[in-house]
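**Q** Here is how the chains run, residue by residue.
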Amino acid sequence: MLPPHGGTLVNRLVPEGNRPHLNEEAAEMPSISVTEEFRKDMECVAYGIFSPLVGPLNRDDYTAVLEKGRLTKGHPWTFPIVLDVPEETASRIKVGDDVALTLEGEAFSILHVEDKYSWDRKAHAQSVYSTLDMDHPGVSKTYEMGPVLLGGSIDLFNETQGKFSDYRLKPIETRVLFKSKGWRTIAGFQTRNAPHVGHEYVQKTALAFTDGLFINPLIGKKKAGDFTDEVIIDTYTTLFDNYYLRNTATLVTLEMEMRYAGPREAIFHAICRKNYGCTHFIVGRDHAGVGNYYGPYEAQEKFSEFPDLGVTPIFFRSFFYCKKCGGVQNDKVCPHGPEEHLNFKGREMRSMLMNGERPSELLMRPEVVDAILRHTEPFVK
Amino acid sequence: MPEKNSDSSTIKIPHDLYKKIEEKIEGTSFTSVEDYVVRKMENEFPAEPVYSKEEEELIKERLRRLGYIE
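Residue numbers (the working numbering), protein chains in the order written: chain A, 1 to 381; chain B, 1001 to 1070.
Derived from the structure by calculation, the hints contain no laboratory data.
Note that beta-carbon positions come from the ideal geometry of N, C-alpha and C, so glycine has one too.
Chain A regions said to be covered by chain B (calculated; three or more residues, Cβ under 8 Å):
{"#": "1", "stretch": "6-13"}
{"#": "2", "stretch": "60-72"}
Below 30 Å or equal to it, Euclidean Cα-Cα: the simulated BS3-like pairs (lysine-lysine) are:
{"#": "3", "chain 1": "A", "residue 1": "K141", "chain 2": "A", "residue 2": "K73"}
{"#": "4", "chain 1": "B", "residue 1": "K1040", "chain 2": "A", "residue 2": "K181"}
{"#": "5", "chain 1": "A", "residue 1": "K179", "chain 2": "B", "residue 2": "K1040"}
{"#": "6", "chain 1": "B", "residue 1": "K1040", "chain 2": "A", "residue 2": "K73"}
{"#": "7", "chain 1": "B", "residue 1": "K1053", "chain 2": "B", "residue 2": "K1040"}
{"#": "8", "chain 1": "B", "residue 1": "K1019", "chain 2": "A", "residue 2": "K68"}
{"#": "9", "chain 1": "A", "residue 1": "K204", "chain 2": "A", "residue 2": "K222"}
{"#": "10", "chain 1": "A", "residue 1": "K163", "chain 2": "A", "residue 2": "K221"}
{"#": "11", "chain 1": "A", "residue 1": "K222", "chain 2": "A", "residue 2": "K68"}
{"#": "12", "chain 1": "B", "residue 1": "K1024", "chain 2": "A", "residue 2": "K73"}
{"#": "13", "chain 1": "A", "residue 1": "K73", "chain 2": "B", "residue 2": "K1019"}
{"#": "14", "chain 1": "B", "residue 1": "K1060", "chain 2": "A", "residue 2": "K181"}
{"#": "15", "chain 1": "A", "residue 1": "K179", "chain 2": "B", "residue 2": "K1060"}
{"#": "16", "chain 1": "B", "residue 1": "K1040", "chain 2": "A", "residue 2": "K204"}
{"#": "17", "chain 1": "B", "residue 1": "K1060", "chain 2": "A", "residue 2": "K163"}
{"#": "18", "chain 1": "B", "residue 1": "K1020", "chain 2": "A", "residue 2": "K68"}
{"#": "19", "chain 1": "A", "residue 1": "K68", "chain 2": "B", "residue 2": "K1040"}
{"#": "20", "chain 1": "B", "residue 1": "K1024", "chain 2": "A", "residue 2": "K68"}
{"#": "21", "chain 1": "B", "residue 1": "K1060", "chain 2": "A", "residue 2": "K204"}
{"#": "22", "chain 1": "A", "residue 1": "K181", "chain 2": "B", "residue 2": "K1053"}
{"#": "23", "chain 1": "A", "residue 1": "K223", "chain 2": "A", "residue 2": "K381"}
{"#": "24", "chain 1": "A", "residue 1": "K68", "chain 2": "A", "residue 2": "K223"}
Bound-form chain A, shown alone:
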């Protein structure tokens, strides 16, 4: 089994027996109110999905991530996981303090504060998103963040159930799962979409040379126009029931937000899947992109900077349905012209579905279309 990133699977989840005690202690501590997305990030830390991180980044690691895409110890890490706070909150917290992290008044974790530092929004946005355009969702979010960052380690004592708890597994569990299934090589697939036939083609092609397929949709905050979490789960369970073998493919959710950081997020996504136990990671066209901020294959090119990532990327170019070939093809193998091709245009398919229309069966499985159309609001508003 592939070792976790950094060699050790981080576990910052307090054993059940100690949780009531820590909950009481937290009530006496200064507290910091955080967002739901940050709480999910801390669950990712606690479960080891973000190994080797043990909490929000300290200044040195933060700087190294921005400048080199690595932690100070050298491990690849491309997306900065940080806790931003307003000046007023920062003024009542000092390095060495233990503080309670809360969401809507409920404490869920203790943060052992090891660092408190100011940061530069412009440098952050430019480095992470490669743009300062405020229309980019990551850039606008950056400019809404507080002026001070707190770094340190956490002990999480209050977990959320998860939106789809039956599909939510921790890395320690997926590692046992893969071993139980006898999978030595596993291809991870990241998604925030209902599947069309092109996705199925990519997944099954990767499965042709690995033992198992790990489909791992992101459940959490997404931009308007994306499929809702409920639609993603319904469509994938439908696809599994009709077109996948249970002994070679599995569906597990990952509760965290999309960040739309393109190439940097692709590396970050690969690291998360490595921690789940994946040996391979599928990277398609414009992975984690938004608008036209990144080149179609920029995310794939980014992997060449990290030969020590430990997880092998599987790159896919654009694909289409070729009427002449009678199947999904790509420009490397299909000799026919564009007049024979049906393209998988996500925007067009979403627009048809929005009007209650059915995309061609050559592009989307009828069972998947049915599953989408059963939802009155299939898209994020």
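Here the structure of chain A is known, so what remains is to put chain B in place on it, guided by the hints.
**A** Showing chain B alone in chain A's frame:
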């Protein structure tokens, strides 16, 4: 052999291999050949087992309950 009072050890690798690694990491964020070799090796050998036998059994029970395994 590990050196006293240190958590690292010295190994020797052929000069030509060293040179090849140096060329490979040029322009990347690796700061040294040592850095590169350590990262590569870390991916081969986990620092500690990820779960105990007891944990494995408990996890299998949950996986069975959820229908992931039989």
